[in-house]
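Engineer: Each chain, written out:
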Amino acid sequence: MGVPRYIAAALKWVDLRPEVDPLAGTVRHDTRTSGLSLADAAALEWALRLGESWQLPVAAITAGPPEARAVLRDAAGFGPTRLVHVAADRDAPSDAIARALAPLLAGAAVVCCGDYSADRGSGSVPAFLAHHLQAAQALGLTSLAPEHPGSLVAQRRLDGGRRERLQVSAPAVISVEPGAAQLRRAPLSGLLAAGRAAVETAAADQAPEYGSRVHLLRTTSYRPRPKVLAPPRDQLPRARLLALTGALSERMPPRVVRAAPEQAADQLIGYLTDNGYLG
Amino acid sequence: MAESADVVVAGAGPAGAAAALVAARAGLRVVLVERGPFPGSKNMYGGVIYPRVLDTLLPRWWEEVPVQRWVTRRATMVMTGTKALTVEFRGEDWDAPPYNGATAYRADFDSWLAGKAADAGAELVCSTTVTGLLRDGTGRVTGVRTDRPDGDIRASLVIAGDGVNSFLAKEAGLYEDWSVTHFTVGVKEVLALPREVLEDRFNLTGDEGLDIEILGGTQGIPGGGFLYTNLDTIAVGVVLSLAGLRDSGKRPEDIIAALKDHPAIAPLVRGGELKEYSAHTIPEGGMDGMPHLAADGMLVAGDAAHLCLASGIWLEGVNFAIGSGALAGETAIEAIGSGDTSAAALSGYRRRLENSFVLANHRKLRGAHKLILGKRAQTVYPELACGIAQRVFTVTDPQPKAGLRRWVHDERKRGGVRLRDIVKDGWVGWRTFG
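Residue numbers (my numbering), protein chains in the order written: chain C, 1 to 279; chain Y, 1 to 434.
These are calculated hints, taken from the structure and not from any lab test.
For every residue, glycine included, the Cβ atom is placed at its ideal position computed from N, Cα and C.
Do not rely on the hints blindly, as some may be mistaken.
Claimed, not checked - Partial pick of chain C residues on the chain Y-facing surface, computed with a CB cut under 7 Å: (1) LEU188; (2) LEU192; (3) GLY195.
My request is simple: use the sequences and hints to build the entire structure.
Structural biologist: So this is what it looks like as structure tokens:
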């Protein structure tokens, strides 16, 4: 690995407010509500801070469909010198994303990532990326303190409320929690220039094959875990069925409270008290 | 160092986007500043757009405009506490180009229109609030200040499309007569229904839509109601006089709840899942509430200029915003081309508005909102109309039918309606709408 030449922010474009059909489970995305998660915004902020601290230029890179270039435009508002978009599917697996990004990030002193994505991502891209770059990895960081160029001290959580402090040397891949930093507000001049900034486009097939002997065969669609309930104790099937469905059992019909706020509050508290929810 | 542009447009709503589109097409450097994360993200209205104003701006706009449904049925409902009389028009012509009206979500429509401005070369800057005006020593507007670091933008001309509470127009001193009576508040709920349920319930097929405007049903507060059909949601709401709402001591959500409970509306909204609740001030003062439209270095368009038409029969806002914005853009081209953006040089803006539907309609319908929001139109006449209708349609066997003249007379007496008031209002209405 050569001399580190820049800081990189590897950013993921996600829908921050996807609509999920409650019956079919299908997810509807909207490009207008898509952008950087708070974790990725914190990563970009740390990339900018490290660049300023170490006097290194900052590059922003993302992988995704063409609409993902929007996060690069956002990042360009802060003045990164290089913007790179890698064409990939929205739901491409982490390793494929890392393989696509790695060749383009050679020479980065530090690659900053968010520690999770808002679309149920596993947060594993940074680890794969560190592997492909043969770089150090420090993931799930809550705070960073740059030292001399190429060195920083980071902190992350451990179980039981403990923390650990890490000395990290470049080249490294780090991922940060959303609270690690708040992204600064881009200056107006940067935003206007961002609209004219050039974005490089790289094809995903430029990346080398990862020599793993484990291959992804299939990914099933997301299903929430079932809630485990104790079975009915009755022996008869009919009784168990009635117990499971609640059929033939008396129940209080839903009631809409229409009253002045004070009276409505009294009625709600009375209901909760009568039904054992309050003292 | 401040950025510089030929034109800065504050607000990427329909007025601002249309102004930016026209000015950018002429090769001017235009910066379009939007407070929300994307155009339309924070905008609210009843739900119907009349896009024919786009015919010249964007030919064949209907092939790409993001609408929910094309309005093919237009109903006016006169409502009392328990009765309703509805007159409905259905026009098959309205379901084919060039169409008439459409229901649309503003997040979709405004984004689309602002996108056209950006395609034409305007620089769209979102999540940025214009916080004030820049002026030179003579008081002339020379740009805007935003909430961004280094956020000043110098410009030959500022177009304020910043909505009904236009802080820029106020700061520029363009409002002389500011009265609460010039405003109403629109409150609406968006209720989700499965598309097939909605189409069965409203007797719609394909992309047909229904628009119901309601007179009455506002608990005695001057105003009206509405119900519009989208693809799989309906928008139901009320428009209330701000002064009347204040004096009543009632809350707008209670007025909507009562409207939804009305026997004529309840079956239409039954089972709807509340997706959105929103409210917005509406400039309904028309010519009476309109500010000066130009200052040295600045024009005002759309709701900021009170160019919203609320006249009972016609409730239009977005088309007036687009029309005024486009004319502001034309004026900008002319003024910047001549190197003179003084208020005198910008007077052509008003002339253009006068020669277009924008001020021609406002001038013609100047007294309409007072007539419609008056006590007789709001409560007395709906009672009278519903009472007469009930008598007409009630079979009173074995009593013979008394006849229309008798029914009108009896209902008029029962409601305490003086004949001379009917004649007077009829004359005013004829002069206004005729």
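Engineer: Taking the hints in turn, state whether each one holds.
Structural biologist: Evaluated hints:
Satisfaction of the interface hint for LEU188/C is found here, the shortest Cβ-Cβ separation to chain Y being roughly 4 Å, below the 7 Å cut-off. Here the hint on LEU192/C is kept, as its CB sits about 6 Å from the closest CB of chain Y, short of 7 Å. With its C-beta approaching chain Y no nearer than about 6 Å, GLY195/C sits inside the 7 Å limit, and its interface hint holds.
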